[in-house]
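There are 2 protein chains.
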Amino acid sequence: MGMNILVAHGGGPTAVINCSLQGVVEAARRSGQVDKIYAARFGAEGILKDDLMDLTSVIPAVVARLGDTPASAIGSCRRKLTDADYPAVLETLKRFNINAFFYNGGNDSMDTCHKIDELAKREGLDLRVIGIPKTMDNDLVLTDHCPGFGSAARYAALSAAELALDASALPIHVVVLELMGRNAGWVTAASALAARLTNCEVLTYLPELPVDEDKMLADIERAYAKGNGLLVTVSEGVCGPDGRLLADTGIVDGFGHTVPGGTAQHVADAIIQKLALKARAEKPGLLGRASIPYVSQVDRREAYDVGRTAVEAALAGKSGYMVSIEAVRTPNYQSSMGFVPLAEVANAEKKFPQEWVEGGNKIADAFFDYALPLMGGDLPQYAILR
Amino acid sequence: MGMNILVAHGGGPTAVINCSLQGVVEAARRSGQVDKIYAARFGAEGILKDDLMDLTSVIPAVVARLGDTPASAIGSCRRKLTDADYPAVLETLKRFNINAFFYNGGNDSMDTCHKIDELAKREGLDLRVIGIPKTMDNDLVLTDHCPGFGSAARYAALSAAELALDASALPIHVVVLELMGRNAGWVTAASALAARLTNCEVLTYLPELPVDEDKMLADIERAYAKGNGLLVTVSEGVCGPDGRLLADTGIVDGFGHTVPGGTAQHVADAIIQKLALKARAEKPGLLGRASIPYVSQVDRREAYDVGRTAVEAALAGKSGYMVSIEAVRTPNYQSSMGFVPLAEVANAEKKFPQEWVEGGNKIADAFFDYALPLMGGDLPQYAILR
Chain A
1 MGMNILVAHG GGPTAVINCS LQGVVEAARR SGQVDKIYAA RFGAEGILKD
51 DLMDLTSVIP AVVARLGDTP ASAIGSCRRK LTDADYPAVL ETLKRFNINA
101 FFYNGGNDSM DTCHKIDELA KREGLDLRVI GIPKTMDNDL VLTDHCPGFG
151 SAARYAALSA AELALDASAL PIHVVVLELM GRNAGWVTAA SALAARLTNC
201 EVLTYLPELP VDEDKMLADI ERAYAKGNGL LVTVSEGVCG PDGRLLADTG
251 IVDGFGHTVP GGTAQHVADA IIQKLALKAR AEKPGLLGRA SIPYVSQVDR
301 REAYDVGRTA VEAALAGKSG YMVSIEAVRT PNYQSSMGFV PLAEVANAEK
351 KFPQEWVEGG NKIADAFFDY ALPLMGGDLP QYAILR
Chain B
1001 MGMNILVAHG GGPTAVINCS LQGVVEAARR SGQVDKIYAA RFGAEGILKD
1051 DLMDLTSVIP AVVARLGDTP ASAIGSCRRK LTDADYPAVL ETLKRFNINA
1101 FFYNGGNDSM DTCHKIDELA KREGLDLRVI GIPKTMDNDL VLTDHCPGFG
1151 SAARYAALSA AELALDASAL PIHVVVLELM GRNAGWVTAA SALAARLTNC
1201 EVLTYLPELP VDEDKMLADI ERAYAKGNGL LVTVSEGVCG PDGRLLADTG
1251 IVDGFGHTVP GGTAQHVADA IIQKLALKAR AEKPGLLGRA SIPYVSQVDR
1301 REAYDVGRTA VEAALAGKSG YMVSIEAVRT PNYQSSMGFV PLAEVANAEK
1351 KFPQEWVEGG NKIADAFFDY ALPLMGGDLP QYAILR
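Chains as they are written, first to last, in my numbering: chain A, 1 to 386; chain B, 1001 to 1386.
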């Protein structure tokens, strides 16, 4: 008799979370040690409701297509499990004779993963628990970076470059681009690459650095006056000196996080009203985590590998760890898979280093030394004629 | 002595307007009949200010890169020339000994083109004037479609599919996507392809059909209640029964057009407030015309060909025409280049056929028979597991 495994997704999908799912399914099949491959439909919700999908017989051609499929092919949720939920989770795991559980998510999911591992150990269950990292925000600790970040960063950088070229080709307005990232500015920082790719003016604002709106507007006015058009990129989570979001929707999600949004529109309105310039706000929003044509091939490969490695580790008896990515950047970028104890990653958050921001709105070379290899390497070369 | 040619861009760039520029430059070089290749810096503004760029010696490798360069590599403007401007335009053309003028733009630009041609004929100038069509809106008459539309449609369709999958994988909110298109719904209609690519619920609203907001909200509530998530796609130009924009910015641009925007946020707010559902609005905005990774290869090839054909026609002595695209769709899509008199395209507008909209928010197969070949053919196949 082989093992039964269960995989679940937690939180917002990334452009490559299905690559990790593909890695899980293909590694399980290759091992010859797995009887049943289950997936929780809509993450923790599915586990609580005994709503598991049986992926054991999905044909290989469909599994192979997961790598080009955005969002989560098995569904996810934002429900954060409470202490009262764990007995029901364990019941489901027992009922389906699950021997290995893989939770693919961010900080909150690693916390859940850790608690399930501890509970199973306490109850003497034969259950291996491995966390598979995922977050476009790149804010998990003890891993060089997170699967999903490289693609979101590539999206931010190339979209910003495309908008910067548009803004400079028809310099009738300041263009403000809002990018996702509640508390961590990693993705928004990547948008600053637009300045290097295009020679256009780009100002970038991250949630880690409180923004003085008067100084911001003065900087915008000065940059726009150069006459080459201007792109301003802002994280949805940008705050003022009082620590409050520049634009506050007042909405709170299921994890108790305030939902940000409307920051770009807020900045565009201020430009129109206080500087008497034209401005428009663009907010691709969820497209920043769902767009397949902008996927980083490095990110895609690594996302597959964290899924594959999780299964191989569980089959080898490991439990209570998250797969991590270890990387070297010189002379060439190379990454390999490692493991960190779940207890050490749960609920911790890796913030963007403030010393990588210069003058409040320029991103230092050190960030690009770190992030460029993750964005896929093959960056566009534009024809710059003007 | 060969000829001197001048090319200018008018209005908003598309993802492939630089392909047309590449076609112009490469056809001029291949002909052996062109001495100087000039481009107006920032369109009509550059012509009025004698501000021409000399592209004659740009190295071929840079010209070849134009096809992957978003926005306009020579710059554009929204200035609509008035009768008082034309003498200065003619002066510039004479000063640079221009023998052929190519204006690459939409309705307004074809009107300008027509007037320059008439004036030159009246003054007995040796000037050939050819219009090169361009508009993501697809609203030029007497051409099967417009270069720029296929890529914008592909962007709308694939972005909508990606968002629909995200909305159905984590069905905690209604996602509303706003797409460009002031008066013509061609691009927004393409977003309805998301329903075919994903089996998700998609409702689509175009500027051509007045929207009753109560009925819209009732339809949204019913579609969301199916539990598979919901994507609502809206054109920025959607109006109510009174003919006014659902969301009115009150801003007027240089052509006297009202600037729309905020329609998706308006609909999302109504969903939150009147249906008590969660909703979020996404507005990629200018990315819908600037994104290179979503470019349709068919659109790219045709955009090159309209530029090339314009030069070949002018060198053969033609003047007063716009290059048009003629297409057959059965048994396979094939297109060829034609010509229509500038007088007949100037200021006319091709609206989306109302009979292609079913029940106010579904797009008929007839539209996709028309538009799918223009979107590049190779559509993604997603892994649908749930």
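It cannot be assumed that every hint is accurate.
Claimed, not checked - The calculated SDA-like cross-link candidates involving lysine to any residue, where the alpha carbons are at most 20 angstroms apart (straight line), are:
id	chain 1	residue 1	chain 2	residue 2
1	A	K49	B	E1123
2	A	K278	B	G1227
3	A	K226	B	A1247
4	A	K36	B	A1247
5	A	K49	B	K1226
6	A	K226	B	K1278
7	B	K1278	A	K36
8	A	K36	B	K1226
To be verified - Covered, in the sense of this in silico footprint (three residues per stretch, anywhere, with C-beta under 8 angstroms from a C-beta of chain B), are these stretches of chain A:
id	segment
9	46 to 60
10	71 to 84
11	92 to 104
12	237 to 248
13	311 to 320
Quick caveat, the hints were computed from the structure, so don't treat them as lab data. Just so it is clear, the structure is predicted and the values come from calculations on it, not from any experiment. Where a beta carbon is used, it is the ideal one built from N, C-alpha and C, also for glycine.
Cross-check of the supplied hints:
1. For the hint pairing A:K49 with B:E1123, the CA-to-CA distance comes to about 81 angstroms; that exceeds 20 angstroms, so the pair is violated.
2. Between A:K278 and B:G1227 the CA atoms are separated by roughly 41 angstroms; this puts the pair beyond 20 angstroms, and the hint is violated.
3. Straight-line distance between C-alpha atoms of A:K226 and B:A1247 comes to about 32 angstroms, which puts the hinted pair past the 20 angstroms bound.
4. With a C-alpha separation of about 52 angstroms, the suggested pair A:K36 and B:A1247 falls outside the 20 angstroms cut-off, and the hint is violated.
5. Of the supplied pair hints, the one linking A:K49 and B:K1226 holds, its CA atoms being roughly 19 angstroms apart against a limit of 20 angstroms.
6. For a cut-off of 20 angstroms, the pair hint linking A:K226 to B:K1278 is broken: about 42 angstroms separates their Cα positions.
7. A distance of roughly 36 angstroms separates the Cα atoms of B:K1278 and A:K36; the hinted pair therefore is violated under the 20 angstroms criterion.
8. A C-alpha spacing of about 30 angstroms is found between A:K36 and B:K1226, which places the hinted pair above 20 angstroms, so the restraint is violated.
9. Proximity of the segment 46 to 60 of chain A to chain B, defined as three or more residues with a beta carbon under 8 angstroms from a beta carbon of that chain, is established by the 3 residues found.
10. Under a criterion of three residues with beta carbons nearer than 8 angstroms to beta carbons of chain B, the stated coverage of the segment 71 to 84 of chain A is upheld, 8 such residues being counted.
11. Check on the segment 92 to 104 of chain A: 0 of its residues sit with their Cβ under 8 angstroms from a Cβ of chain B, so the three-residue criterion for coverage is violated.
12. Proximity of the segment 237 to 248 of chain A to chain B, defined as three or more residues with a beta carbon under 8 angstroms from a beta carbon of that chain, is not established by the 0 residues found.
13. Counting residues of the segment 311 to 320 of chain A whose C-beta sits closer than 8 angstroms to any C-beta of chain B gives 0, which falls short of three, so the coverage hint is violated.
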